[in-house]
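K.L.:
Spelled out from the first residue to the last, the chains are:
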Amino acid sequence: MQPLLSQACWDTLYMVGWSTLIAVVGGLPLGILLVLTDRGGLLQNAVVNKIIGQIVNIVRSMPFIILMVALIGFTRAIVGTTIGREAAIVPLAIGAIPFFARLVETSVREVDGGLIEAVQSMGGNTWTVVRKVLVPESLPSLISATTTTIVAIIGYSAMAGTVGAGGLGDLAIRYGYQRFETGMMWTIVAILAVVIAIIQFGGDSGARVLHRRAGKGGEPLRFSLFVGRPAVSTAGATTKTR
Amino acid sequence: MITTQGLTKVYRSRGREVTALDGVDLHVREGEVYGVIGQSGAGKSSLIRCVNLLERPTSGTVTVAGQDLTALVGRGSRAGKELREARSRIGMVFQHFNLLSSRTVQDNIELPLEILGKSGNERSRKALELLDLVGLADKAKSYPAQLSGGQKQRVGIARALAGDPKVLLSDEATSALDPETTRSILQLLRDLNQQLGLTVLLITHEMDVVKTVCDSAALMERGRIVESGTVGELLATPGSELAAALFPVSGDASGADRTVIDVTFHGESTTQPVISQLSRTYNIDISILGAAMDTVAGKQVGRMRIELPGRFDENVVPIGFLREQGLQVEIQGHEPVLLKEGVTK
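Chains as they are written, first to last, in our numbering: chain A, 1 to 242; chain B, 1001 to 1345.
If you are wondering where the hints come from, they were derived from the structure by calculation, not from laboratory data. What you are looking at is a predicted structure, and each value in this text was computed from that prediction instead of being measured. Glycine residues also receive a C-beta, built at the ideal position from the N, C-alpha and C atoms. Hints are not guaranteed to be accurate.
On the chain A side, residues computed to face chain B include the following (Cβ under 8 Å) [unchecked claim]:
#, residue
1, S121
2, T128
3, R213
Construct the entire structure; sequences and hints are all you get.
P.N.:
Dropping the structure here:
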């Protein structure tokens, strides 16, 4: 049980780590672009906004297991295989990018328009506004968004076993469910609960420290609307109170 | 220093057109504090935003320090390099301060210098110098959330001055502050205007602001400038709404056979004790019904409402005497009442 568990933990960590990184790198610019191209935005462009918005909606509306199957061709083109951890990272990241992008959009939209105007009045261009205002001012909120995304990706990763990627979720299904090893299943549930609690705590503390410095209240309520992950991660993605 | 010609701004949304500015000609001289006053929706905000092209005028030109800014506007909605450079030479302060909450006070002031590409040393030297100038030298490492409204606005002013502008735009800078703080911020603006030779264009809805700091003022209504000039000129203009609002006098005649007149003091006549001269020369009893006198830009100016015994026909000679002294006289009841509701404070 021990080697199985540690291998599964490592697999989950590996998949979640990489796909979070890719999701943040891809989702942050996408989310900012959604705000900038929107009506009244600095780069107002209805066509680009519609296209990005639609793509984000389509990917988000797809159940992860189907997305994974649908992306098989793409995965092969990227990592050269359709099974294993690397193969799971591709659909995990693709699924998480629009998820994160929407959260980024919400966060960035909350930045006071007056600040943008102030930077413009100093002679700043759009890039300056993004770098000096939008990102730093929404940072506490972006950290919370990242936390929510990590928790969601841990949820998605339970399905990665379908493509032979291993991980805790896979172990729980194969040993806990298919082999009736209830002990194994509960151990995994406990591990997931602890991992998610730690991630949530870390994210919340980071966001809170920045928030307090900025003199704002707490964090606005945020639900993680994600379907199809272990029940424990729902407990982890609890809403934060003001 | 700032000149607008035929400035027009029309907002279009869902087929509806709203004219915010309707051919505004504004002329702000170098080194003066110019106040634009008007009610909400009069177009003041659009006007000040058009001066640094944050708002793009539908037509008309804006010239700041001899440079035609409207000529720098590209075709797209984004501001080109030249326009951004021109903006960096115009400081702007805002009603809600617009400080970055994620940065310390010093870093907020350094922001425009970062945009100008100044080195770290130069930035912090300048920022500390400006903090000293606005009297917040001890707050460099504080965050905006730890400051009071007045302190925040001082930081906003310091930030606006970071790029060594010749022109400062003030968008209702004191409207979110209490009267006491408003006075100290206005005093700061006045000091900066005198020490640095800064030209200040401010918009406000408070008559007191104009009264306290402005050399010149303009009254805006429905997108147009209905009156403008130096405070002295405004006072000298018969029937000026701004003058009436700046120096409101009231009081009704105490009887039927009385003449009520409004006397406006501006320029030389202020130093003469005309009222007592009038009383002695014609041996009449004068009662003062109301008076509003003030020192505007170092000069004693104001209006006084006095009552003379007898009807108008009997007072033609004394009134003529007052006019001879260079005073401006308006006879109440013989001319329309010029105090307008809403403009008076």
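K.L.:
Under 8 Å, Cβ to Cβ, is where R213 of chain A needs to be relative to chain B, so tell me if that hint holds or is violated.
P.N.:
For R213 of chain A, the interface hint holds, since the closest Cβ of chain B sits about 6 Å away, which is under 8 Å.
K.L.:
Would you settle whether the hint for T128 of chain A is holds or violated, based on the nearest Cβ-Cβ distance to chain B being less than 8 Å?
P.N.:
Check passed: Cβ of T128 of chain A comes within 6 Å of chain B, closer than 8 Å.
K.L.:
Are S121 of chain A and chain B close enough, Cβ to Cβ, to be under 8 Å, as the hint says?
P.N.:
OK, holds: S121 of chain A within 8 Å of chain B, min 4 Å.
The structure is consistent with each of the numbered hints, conforming to all of them.
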